[in-house]
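Enquirer: In case you want the letters, here they are:
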Amino acid sequence: MRNLIYLFTRFGATILFVVLEIISFYLIVNYNNSQREIWIHSANIFTGAVNKKSQDFNDYLRLKKKNDSLMIENARLLEKVINYRIVSRADLFQNLEETDSLSRYALIPARVCNQTIHLRNNYLTLCSGSASGLRAGMGVITENGIVGIVAQCSRHYAKVIMILHSQSRISVALKSSGFHGNLLWKGGSHARLNLEAIPKHAEISIGDTIVTSGYSISFPSELPVGVVRDFRIPSGSNSYNIEVQIFNDLQNIEFVYVVDFLDRNEKERMDLNE
Amino acid sequence: MNRFATRNIVRFLVYAFVQVVLFKRISIGFEETYYIHFYIYPIIILLLPFKTPRSLVIFLGFVLGLLIDVFYDSPGVHAATCVLTAYLRDYILLLLKPTEGYKAEGVPVIEQMGIVWCASYFAIAMIAHLLVYYSIEAFSFVYLDEIILKTLLSFLASFFIVIITQLLVNPKY
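Protein chains in written order, with my numbering: chain A, 644 to 917; chain B, 323 to 495.
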């Protein structure tokens, strides 16, 4: 009891303050409409924030599944674009020859497992293999351009020789004039490659777009690769030495598409016969 | 002590009356929102003698706040604010304490404490009062910029009125 009295004499003002504030806030929340609404609303804001957090976490857990489905969707769309482009090119013959199918290329989405980038010979490992339909010799692309060519395939993994490899030679062409040459990497920046064997009578200017030629079975034609950054003719040479700025950022690739040329066997047989 | 009691009761009634009859009707604003309100009633709490028991100050603050609330149709808002201002009064006095301390029968008026001391005392208390008032009114810190704008503008207006009144009336206690 004495302690209680002591408490009141010592902290009476504060206790009174707290009690009166509580009464005031009780009045505020109970009799003022706007504050009551805000009170309820604030509670909602809080619960809403909690809900959103848990939803975010849930989404994060489902991210892989979602990503995969998006990849498949993307692959299908890109596939369509590529095939339409080729069909529209071949439109001239359409009247004479009825194509039984529009699709000549299929895209297989794949995830990058491992990658080297700082070496002279760079490889990419994909988390998909022959079980997903990958074969050696298939081209690997992203939405922004080409990445490399599949070199080896195990059941669940595939090894890709990137264009950043000393042995890599990709057949590309100038979009404007159609002259074609080989794209290769001489080391240095990951964004700059060299284009060789464009004859010196070709007209060329800085900023010209480079696309794939479609001569190999690895890549469909007209895939954008990069732009001309600089060019010169070495003395005594018959061809340009062109520096190409590629569109792809090869340092961060996470998802790629592997190009499956559906008429592969047919074309290979033809090439061998020659 | 009796003269203090009479004087403060009269002051309480007069200021509260002026507040709810005159200043309640005046608000200056821009477009749709009224930013400037005149709140002179906290002066009632501020002008209580130094030695008023703290609990009494808080209780008077509560009564004053409720009275204002009845006229402003906002049960609890002014009460909560006044109680807080009354609670803070001691701390503000402690902050502004002159080196020789407060006189036993002293009253915080210009006649006794000088205009500079009074102005800073009123200013601190009224800024706190208005800031708390607008915060409770909005009941959410989402509208922080609006709260601060209202507080500053209303403070300047109310403070001007309070100082003018004090200089004109110039109470001795």
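I should point out that these hints are in silico values taken from the structure, not numbers from a laboratory. Among the clues, some could well be false.
Unchecked claim - If we take Cβ atoms under 8 angstroms as the criterion, some of the chain A residues that face chain B in the derived model are:
#, residue
1, 667
2, 674
3, 675
4, 700
5, 704
6, 849
7, 882
Since we're looking at a predicted model, the values are computed, not measured. C-beta: ideal position from N, C-alpha, C; glycine also.
Enquirer: With reference to the structure, classify each hint as holding or not holding.
Expert: So, going through the hints one by one against the coordinates:
1. 667: holds (3 angstroms)
2. 674: holds (4 angstroms)
3. 675: holds (6 angstroms)
4. 700: violated (26 angstroms)
5. 704: This interface hint is violated because 32 angstroms lies over the 8 angstroms limit.
6. 849: Constraint on residue 849 of chain A not satisfied, violated at 51 angstroms.
7. 882: violated (66 angstroms)
When each numbered hint is compared with the structure, violations occur for hints 4, 5, 6 and 7.
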